[in-house]
Amino acid sequence: MVKEYLKLDKIQGPLIMLAGVTDVAYGEFVKITVDQHELRYGKVIKIEGDYVVVQVFEGTTGISTKNVAVQFTGKPLEIALSLDILGRTFNGVGKPIDGGLNIASTFRENINGRPINPVARKYPRNFIQTGISAIDALMTLIRGQKLPIFSGNGMAHNEIAVQIVNQAKIKGATADNFAIVFGAMGVRHDDANYFKQSFEDSGVLDHVVMYLNLADDPIVERISTPRTALTAAEYLAFEKNMQVLVIITDMTSYAEALREMSSIRGEVPSRKGYPGYLYSDLSTIYERAGMLEDREGSITLIPILTMPNDDITHPIPDLTGFITEGQIVLSRELNQKQIYPPIAILPSLSRLMKDGIGAGYTREDHVDLTNQLFAAYSHVQDIRSLAQIIGEDDLSEIDQKYLAFGREFEKKFISQGQHENRNIDETLDIGWKVLRLLPREELDRIPPEMIDKYWEV
Amino acid sequence: MEIKGNVTLVNGPVVMGSGMGAFKLNEMVTVGNKRLIGEVVILEKDLATVQVYEETEGLCANEEIISTGAPLSINLGPGMLGNMFDGIQRPLKKIETISPNFIPEGIGLLSIDTEKLWDTKIIVKKGDLLESGKVYGTIQETASILHKLLVPPNISGKVIEVKSDGEYKLNDTIVVLELKSGATHNLTLVQKWPVRKGRPTAERIPIYKPLITGQRVIDTFFPVAKGGTVGLPGGFGTGKTVTQHQLAKWSDADIIVYIGCGERGNEMTNVLEEFPSLIDPRTNRPLMERTILIANTSNMPVAAREASIYTGITMAEYFRDMGYDVAIMADSTSRWAEALREIAGRLEEMPAEEGYPAYLPSRLAQFYERAGCVRTLNGDEASVTIIGAVSPPGGDFSEPVTENTKRFVSAFLALDKKLAYARHYPAINYLTSYSSYVTILHDWYRDNVAEDMMYIRGKMMKLLQEEEKLNEIVQLIGEDVLPNDQQLILETARTIKKGFLQQNALHKEDTYVSLQKQYKMLKVLDVFYESALGCVKMGIPLTTIRQVPVYQDIIKMKYDVPNSQINLLDDLMEKIKISYDELRAKYQG
Chain A
1 MVKEYLKLDK IQGPLIMLAG VTDVAYGEFV KITVDQHELR YGKVIKIEGD
51 YVVVQVFEGT TGISTKNVAV QFTGKPLEIA LSLDILGRTF NGVGKPIDGG
101 LNIASTFREN INGRPINPVA RKYPRNFIQT GISAIDALMT LIRGQKLPIF
151 SGNGMAHNEI AVQIVNQAKI KGATADNFAI VFGAMGVRHD DANYFKQSFE
201 DSGVLDHVVM YLNLADDPIV ERISTPRTAL TAAEYLAFEK NMQVLVIITD
251 MTSYAEALRE MSSIRGEVPS RKGYPGYLYS DLSTIYERAG MLEDREGSIT
301 LIPILTMPND DITHPIPDLT GFITEGQIVL SRELNQKQIY PPIAILPSLS
351 RLMKDGIGAG YTREDHVDLT NQLFAAYSHV QDIRSLAQII GEDDLSEIDQ
401 KYLAFGREFE KKFISQGQHE NRNIDETLDI GWKVLRLLPR EELDRIPPEM
451 IDKYWEV
Chain B
1 MEIKGNVTLV NGPVVMGSGM GAFKLNEMVT VGNKRLIGEV VILEKDLATV
51 QVYEETEGLC ANEEIISTGA PLSINLGPGM LGNMFDGIQR PLKKIETISP
101 NFIPEGIGLL SIDTEKLWDT KIIVKKGDLL ESGKVYGTIQ ETASILHKLL
151 VPPNISGKVI EVKSDGEYKL NDTIVVLELK SGATHNLTLV QKWPVRKGRP
201 TAERIPIYKP LITGQRVIDT FFPVAKGGTV GLPGGFGTGK TVTQHQLAKW
251 SDADIIVYIG CGERGNEMTN VLEEFPSLID PRTNRPLMER TILIANTSNM
301 PVAAREASIY TGITMAEYFR DMGYDVAIMA DSTSRWAEAL REIAGRLEEM
351 PAEEGYPAYL PSRLAQFYER AGCVRTLNGD EASVTIIGAV SPPGGDFSEP
401 VTENTKRFVS AFLALDKKLA YARHYPAINY LTSYSSYVTI LHDWYRDNVA
451 EDMMYIRGKM MKLLQEEEKL NEIVQLIGED VLPNDQQLIL ETARTIKKGF
501 LQQNALHKED TYVSLQKQYK MLKVLDVFYE SALGCVKMGI PLTTIRQVPV
551 YQDIIKMKYD VPNSQINLLD DLMEKIKISY DELRAKYQG
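For the record, the sequence lines run as chains A and B. Using the numbering used here, read the first sequence as starting at 1 and increasing by one per residue. Using the numbering used here, read the second sequence as starting at 1 and increasing by one per residue.
Isolated chain A, as found in the complex:
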């Protein structure tokens, strides 16, 4: 007979406290029956002698100190996994919310996962062609990489994510060994529906697993959502050798949920009220991406976050940028110029691209061309600020050429259609085409022999 505790000592926010509890493990999964019929779940977050603090996933509304029966399961929060999860939709703790049956499987995994041993990792090197020029050429996505999209409210991050999902060509992925894991934390119903509709339109819905915690769902569940999603991804990638693309959105809501919990627990806050362990916490999500030496599968992770007030130095984008392998930053300015995708080239970067592009991977001229485009576009910014002061007409001839280059670069290279799928050769050729607006002597990042080969069409 499993022991049940029928009396609570205290209820505060999403937390319940019990006294006189024995044999409870830290992190243990808890079942809470409210009014004898409604089942809720929780997790032990603090043990102090026989006093236990439990965080309730579904919230504590309707709970009194006397109308509950609390049962400690003796196990951490685990989810059942099998290939049947493909095509299904779950909530943040892995319960089906699509009206289907529970997943029947004896294979269960703790959603917290374990750190990958660095010696067991395989260094990611395979280029993923997304068909988006700005990404493929300048911040190349690599299989097994974690590359977030730093966006702002109202910008086209969802569209970009969907375009990546639809167009991504992952090496080793065939029609039946690729999967998409989608985790939504605190996003609006509309956004979740947009993703679902897009997956359906492109006919990949059978390969998608969704973990949804929408804006009006309980925040405690929001904290477990990305973990549940990544546990499913790890299963598919490392147990079933699939190529998995994970999209989790919106990390900002996630971090805010974490802050809310932290403040309820009375912890010492650090920057902007976020808990001091925000970095460690985020890393236990992001670092689950990658590849293993002895497995065929891979987890490529694209987290989306909206920068509060478009501020890249805000703790959430800041700490994310320190953990992820680069970032794709969206620009309000380009967005206002009606440029899609509005990718801000200069602050964006992919740390893994240096080992996954060039001869043998993409094309021999890729590395140098990228450097030249970055350097030239960076120079354009200086000239633009000069032009604002002295006027465009008074600029020197060469500066005017740079301005022309900058305009064409934004119009022809960055800008493209939402369904326009450019292969890497097309992308690099466009890069050369806009560079030809500059005098040849200005190309100081490309070796002369490479210029000789690609300058003339």
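Because the hints were derived from the structure by calculation, they are not lab data. No residue lacks a Cβ here, since even glycine has one placed at the ideal position from N, Cα and C. There's no promise every hint is true.
What the hints assert, rightly or not - Lysine-lysine pairs mimicking DSS-like chemistry, simulated, CA-CA at most 30 angstroms apart: (1) K412/A to K209/B; (2) K240/A to K94/B; (3) K558/B to K122/A; (4) K272/A to K45/B; (5) K498/B to K453/A; (6) K45/B to K354/A; (7) K46/A to K45/B; (8) K94/B to K433/A; (9) K122/A to K93/B; (10) K31/A to K34/B; (11) K417/B to K354/A; (12) K411/A to K558/B; (13) K354/A to K577/B; (14) K497/B to K171/A; (15) K558/B to K508/B; (16) K497/B to K272/A; (17) K75/A to K94/B; (18) K122/A to K116/B.
Said to hold, decoys possible - Cβ pair distances, simulated, as ranges: (19) I477/B to S202/A: 49 to 59 angstroms; (20) K453/A to E167/B: 39 to 49 angstroms; (21) E48/A to A70/B: 28 to 38 angstroms; (22) R436/A to I477/B: 39 to 49 angstroms; (23) E369/B to D429/A: 48 to 58 angstroms; (24) N563/B to G360/A: 24 to 34 angstroms; (25) E48/A to E115/B: 35 to 45 angstroms.
Given the structure of chain A, go ahead and fit chain B onto it with the hints provided.
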């Protein structure tokens, strides 16, 4: 006898136990049925607070806490070079064989391999008197590094028993000492040392020679000394890790300890893949043979991250005591400070600035002060150099970790977001960085490189500073309206940046540059400036000066002149002089 306590509180990595009055502060303990490893951090009456180095999920109240009797210590002996450890010296390859792919908790205290046989030469004989720090045996650990077995600090005595040369395991006794007290002490191939305590030396000696890194902006503009301390701050994406990797690859230290403290897993994998195939230009051996890696990635337990810095520096000091020059790269000290903050928060300590504990500055000072140039107990000259990366939030250098690091380091290499955006790598800002070793190392450069090296360096620095001032004007009125001589300053500064400061880590010839080549490149720039200045004074417009073909050769010299043929730079200097002489002659005529 084992002393035991019982778990009463669990809060993440912080665990409290009762019945622990006999435990010592900073003692290493095992916690719970899984025997997680922890360290006692607070003692109060019967209660002790323990910081646990592993995931505590599943831990119950009343499980046992068992003492080990010793503070957090690591094993020092052969078997560290070429290996990768976690923050408390557990070998990750060994863990991989126990539990594939993922790191489990409760694997216990592992350390360097005790089963491996080492071919040991014993260099003492019966009756010898041995002081602490003296060498009693040697092992050729890798082709480039001779591992010296040292009498541990605070031990000295007469040799009463000696084994013959041969193959021994780590814990085999090879020499027995009779101490002054009359007791005996067995010397094996290994000794233990508590990580939070610096190893003793005979004396500190003044710093006088550089750590040559092959990176132009560092060696020439902001030199680092052997035994010095360097702070390397930069926001994300400014190239801290690439710079640290470059230093680990090319610095002329004998041993490199690379600490990946709370950083990315793939970066450590990259080092593991890349270093064994890279050849050390000085020894012609794989770089991995002189490298020790410590990887406590961001998702590994936070308390072990706090310890990793100390584990690394203790290993470094051990090799220093053998007489080697050791360099430590700590990437990143901010993650270590955050680990301090996280634990302090869990201990409910009063926070100071930005939530960091008030003892942050003193801990930073203690760490950086373990660097230095010393005379070892054995009488050798040796050094530990610390290069600490700092990751300021939002790239804002006024935050507590950067601010306090600045107080304790002598060289400050500030990585700049704007330079990184323009793909100017290494993105070390040449105006805000500084190195107080410029003066200290002046004589060394004079005697070992060239009389005028530091003089030309100063001249180039001045041009860069003037350029910065002129740029403010240019931003208002454009470049073309400036007088010719000022335009030349802008042009020369651009040439210095493109041709000298920017260095391509991925280019075969450019990734490492010898000091001699650096000097000659600098000289080329000086010759160009002086020749062009001569032309400018005659009223020749800058566009004409720029069109002289030799100008392109200057920018490309870093790629065109291999390290083995630096005399080509002398030819280039001649060519510059001739070209501009001709230009002047043409104008005169």
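Quick rundown of the hints versus the structure:
At most 30 angstroms may separate the alpha-carbon atoms for a hinted pair to count; K412/A and K209/B exceed this at roughly 54 angstroms. Taken as a hint, the K240/A and K94/B pair is honoured in the structure, with Cα atoms around 26 angstroms apart against an allowance of 30 angstroms. A hinted pair counts as satisfied when its Cα atoms are at most 30 angstroms apart, and K558/B with K122/A does not qualify at roughly 34 angstroms. Taking the CA atoms of K272/A and K45/B, the gap is about 37 angstroms. The hint is violated against a cut of 30 angstroms.
A threshold of 30 angstroms between alpha carbons decides the hint, and for K498/B with K453/A the separation of about 23 angstroms falls inside it, so the pair holds. For the given pair, K45/B sits about 57 angstroms from K354/A by alpha-carbon distance, which is inconsistent with the 30 angstroms threshold. Restraint check: the Cα-Cα separation between K46/A and K45/B comes to about 23 angstroms, which is no more than 30 angstroms; the hinted pair holds. Between K94/B and K433/A, the direct Cα distance comes to roughly 53 angstroms. Violation of the 30 angstroms bound is thereby established for this hinted pair.
About 14 angstroms separates the Cα atoms of K122/A and K93/B, which keeps this hinted pair within 30 angstroms; it holds. Proximity of K31/A to K34/B is assessed by CA-CA distance (about 25 angstroms); at most 30 angstroms being required, the pair is judged to hold. For the suggested pair K417/B and K354/A, the alpha carbons sit about 19 angstroms apart, so the restraint of at most 30 angstroms is met. For the hint pairing K411/A with K558/B, the CA-to-CA distance comes to about 35 angstroms; that exceeds 30 angstroms, so the pair is violated.
Pair hint K354/A plus K577/B does not hold up; C-alpha atoms about 39 angstroms apart against a cutoff of 30 angstroms. A C-alpha spacing of about 39 angstroms is found between K497/B and K171/A, which places the hinted pair above 30 angstroms, so the restraint is violated. At roughly 11 angstroms between alpha-carbon atoms, K558/B and K508/B fall within 30 angstroms of each other, so this suggested pair holds. For the hint pairing K497/B with K272/A, the CA-to-CA distance comes to about 38 angstroms; that exceeds 30 angstroms, so the pair is violated.
For the suggested pair K75/A and K94/B, the alpha carbons sit about 28 angstroms apart, so the restraint of at most 30 angstroms is met. Annotation: proposed proximity of K122/A to K116/B holds, straight-line Cα distance about 27 angstroms (limit 30 angstroms). The hinted window of 49 to 59 angstroms between I477/B and S202/A holds, with their beta carbons roughly 54 angstroms apart. One distance hint, 39 to 49 angstroms for the beta-carbon pair K453/A and E167/B, is violated here, with the actual separation near 58 angstroms.
One distance hint, 28 to 38 angstroms for the beta-carbon pair E48/A and A70/B, holds here, with the actual separation near 29 angstroms. One distance hint, 39 to 49 angstroms for the beta-carbon pair R436/A and I477/B, is violated here, with the actual separation near 30 angstroms. The supplied range of 48 to 58 angstroms is met by E369/B and D429/A, whose beta-carbon atoms lie about 57 angstroms from each other. A beta carbon spacing of about 26 angstroms between N563/B and G360/A agrees with the range 24 to 34 angstroms that was offered as a hint.
A beta carbon spacing of about 43 angstroms between E48/A and E115/B agrees with the range 35 to 45 angstroms that was offered as a hint.
Going down the numbered hints, you'll see the structure goes against 1, 3, 4, 6, 8, 12, 13, 14, 16, 20 and 22, while the others check out.
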